[in-house]
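Each chain, letter by letter, is given below.
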Amino acid sequence: MVALKWLERHFEELICCTCLVVIAVAVFAQVVARYLFQVALHWTEETASMAMVWAVYTGASLCVRERFHIRIMVAVKSLPERIGRPIIILADCMWALFCVFMIRVSIDYLSIFWRFPETSPSLGINQFYPQTILVLGYALMLIRLIQTYVEWYRNGAEGLPGTLTEDGSDPIVDDEAHI
Amino acid sequence: MSPLAILAICFVILTIMGIPLFVAVGLTTAVAIYIIDIPYTLMAQTGYGSLTPFPLLTIPLFVLAGRLMEVGGMANRMIGIATTLVGAYRGSMGLVTVFACMLFAALSGSGPATTAAIGSVTVPAMKREGYDIPFAAAITASAGALGSLIPPSNLLIIYGLVSETSIPRLFLAGLLPGLMITILLMITTYIIARRRGYGGNGDPFSWGPFLKAAWDGKWSIGAPILILGGIYGGAFTPTEAAGVAVFYSLFVGLFIYRELTLKKLIDALRFTALLTGILILLTPTLAFGQLTAFYDVPTAVQDGITSITENKYLVLLLIGIFYIFIGTFMESLAQIVLFTAVFLPLATSLGVDPVMFGIFTVITCEIGFLTPPLGANLTVAARISNISIERISVAVLPFIGAYIVGMLILIAFPDIAVLLPNWLYGPAL
Chain A
0 MVALKWLERH
10 FEELICCTCL
20 VVIAVAVFAQ
30 VVARYLFQVA
40 LHWTEETASM
50 AMVWAVYTGA
60 SLCVRERFHI
70 RIMVAVKSLP
80 ERIGRPIIIL
90 ADCMWALFCV
100 FMIRVSIDYL
110 SIFWRFPETS
120 PSLGINQFYP
130 QTILVLGYAL
140 MLIRLIQTYV
150 EWYRNGAEGL
160 PGTLTEDGSD
170 PIVDDEAHI
Chain B
0 MSPLAILAIC
10 FVILTIMGIP
20 LFVAVGLTTA
30 VAIYIIDIPY
40 TLMAQTGYGS
50 LTPFPLLTIP
60 LFVLAGRLME
70 VGGMANRMIG
80 IATTLVGAYR
90 GSMGLVTVFA
100 CMLFAALSGS
110 GPATTAAIGS
120 VTVPAMKREG
130 YDIPFAAAIT
140 ASAGALGSLI
150 PPSNLLIIYG
160 LVSETSIPRL
170 FLAGLLPGLM
180 ITILLMITTY
190 IIARRRGYGG
200 NGDPFSWGPF
210 LKAAWDGKWS
220 IGAPILILGG
230 IYGGAFTPTE
240 AAGVAVFYSL
250 FVGLFIYREL
260 TLKKLIDALR
270 FTALLTGILI
280 LLTPTLAFGQ
290 LTAFYDVPTA
300 VQDGITSITE
310 NKYLVLLLIG
320 IFYIFIGTFM
330 ESLAQIVLFT
340 AVFLPLATSL
350 GVDPVMFGIF
360 TVITCEIGFL
370 TPPLGANLTV
380 AARISNISIE
390 RISVAVLPFI
400 GAYIVGMLIL
410 IAFPDIAVLL
420 PNWLYGPAL
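From first to last, the protein sequence lines stand for chains A and B. Under numbering that gives the first Met the number 0, residues 0 to 178 are what the first sequence spells out, in order. Under numbering that gives the first Met the number 0, residues 0 to 428 are what the second sequence spells out, in order.
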């Protein structure tokens, strides 16, 4: 139960951080192999690229939970709360809709790969599997978005739902976190 | 109404509603696909394909390396070197801050990170010397923005990816403008500090302490030498340099300075994870870019602006004003991803070098870091110095002036940016 709870909280982080480590190791291995062992590794670029896509989508889901996605809140925040709140709720509904739309489109896209398998050039794995992240990523985002609302409602439904800070957790949000 | 106008209105309304930008672009793209009636699977296809280019990996790697250097003790060594160099003059701690930010900028690719790394040490030091706190915070915020201009730079990597410009060229081009802005900021600091009579009680410059500080900081100075030397010596690509930087900072933090712990390492990874997540903005934007055959936004903008003026300098000035305005409420990453494709074709058609345009874009983004309501550096500086963003945003105005002067000089003398890359790689084609 404790493990499950931990996983619920850190699932995306776990995948995303693992992918980041994979990227770093693969890129570094490429340099080391070239200069120390005089060989050109062929698997590194593809592995790192796949890990990157997975890192971005799981990271994007993490950003939902941490309210970190880039959005322009100036207009909504300058409105009184009773007008701003319905607008933000509508905005989040459209976000959820977009996730559903992307899941639908990605399933269509993936079904083509399922019917006509294609292997990746250097690793030789079926391209279907790495690309499942499209469905997985948007599904995770949708779940996290719904979760945000459930928690907001439980906490008394005050303020703007997308901008609440949770209590009793360890948010990673950091004001230095800008590109 | 033309389809393009419908899409523009659609995008603006969605954005103002507070929908996350990647969703706003995604929904707009979906509408665009609906109008021309092609399969929606295009969005899934770019959803995967647009994130696989190898140079894109540079961003999370540099973010991670920068974070490891920051928490691993490299920032303190940079401040030590800066103190022995410029510590004796009037307003010395302010000058030290600017100088140390410049040095740290050569390790880090991010402006807010540079502000945090250097400012958390120098703002308290300035307080002790009796500086007005908003002034101290403003120096830190403005000098920290150098992190995005002096190579390596995350913003320049993003620009290079969306504009298909060579990243090594862009990095090299950032060097001289970075030094120019450092000097402008130091002059601003000096004038204000002199007028207010802030102390300069450090020892005058002498070689002994400087060499000692430089020797103490040799592993920190080694990082930019390894990163930039490796790229320009042809030893590795920028992406590989970023990978090497991660392991170098890990090595120094763990075994030389011993300030890195497992907890700090995991936190640095989680921090990088968040920033990697917002790169999802690239996927719908590039999907929209695939529709240029039907919606040629650049040409529409080009026709609009060239009907006002065809003067290269005036056009750059107009773009600059627009960028600064957008930057007050939009993240720099989004600004570059969304608008480069719109304005770059216009600029190049008037004979502006794409490399120079990149540097110009990043300078406007740095002004965006310093302007409320959304100014990342202001937020960081406010936290470090414990005062409100409003108070800093007034004190930072002279420094924004310095950046604007820098931008104008760059518009007038674009050679400052393109001189070094053209010298090393030959003129761009």
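If you're looking for bench data, these hints aren't it; they were derived computationally from the structure. Any given hint could be a false lead.
What the hints assert, rightly or not - Cross-link-like lysine-lysine pairs, in silico, DSS-like; alpha carbons within 25 Å at most:
{"hint": "1", "chain 1": "B", "residue 1": "Lys263", "chain 2": "B", "residue 2": "Lys211"}
{"hint": "2", "chain 1": "A", "residue 1": "Lys4", "chain 2": "B", "residue 2": "Lys262"}
{"hint": "3", "chain 1": "A", "residue 1": "Lys4", "chain 2": "B", "residue 2": "Lys217"}
As the list claims (entries may be wrong) - Stretches of chain B that chain A covers, calculated by requiring three or more beta carbons in the stretch to come under 8 Å of a beta carbon on chain A:
{"hint": "4", "segment": "41–47"}
{"hint": "5", "segment": "288–300"}
{"hint": "6", "segment": "352–359"}
{"hint": "7", "segment": "387–400"}
In this text, a Cβ means the ideal position worked out from N, Cα and C, and glycines have one as well.
Violations among the numbered hints, reported as their numbers in ascending order:
Failing hints, ascending: 1, 3, 5, 6, 7.
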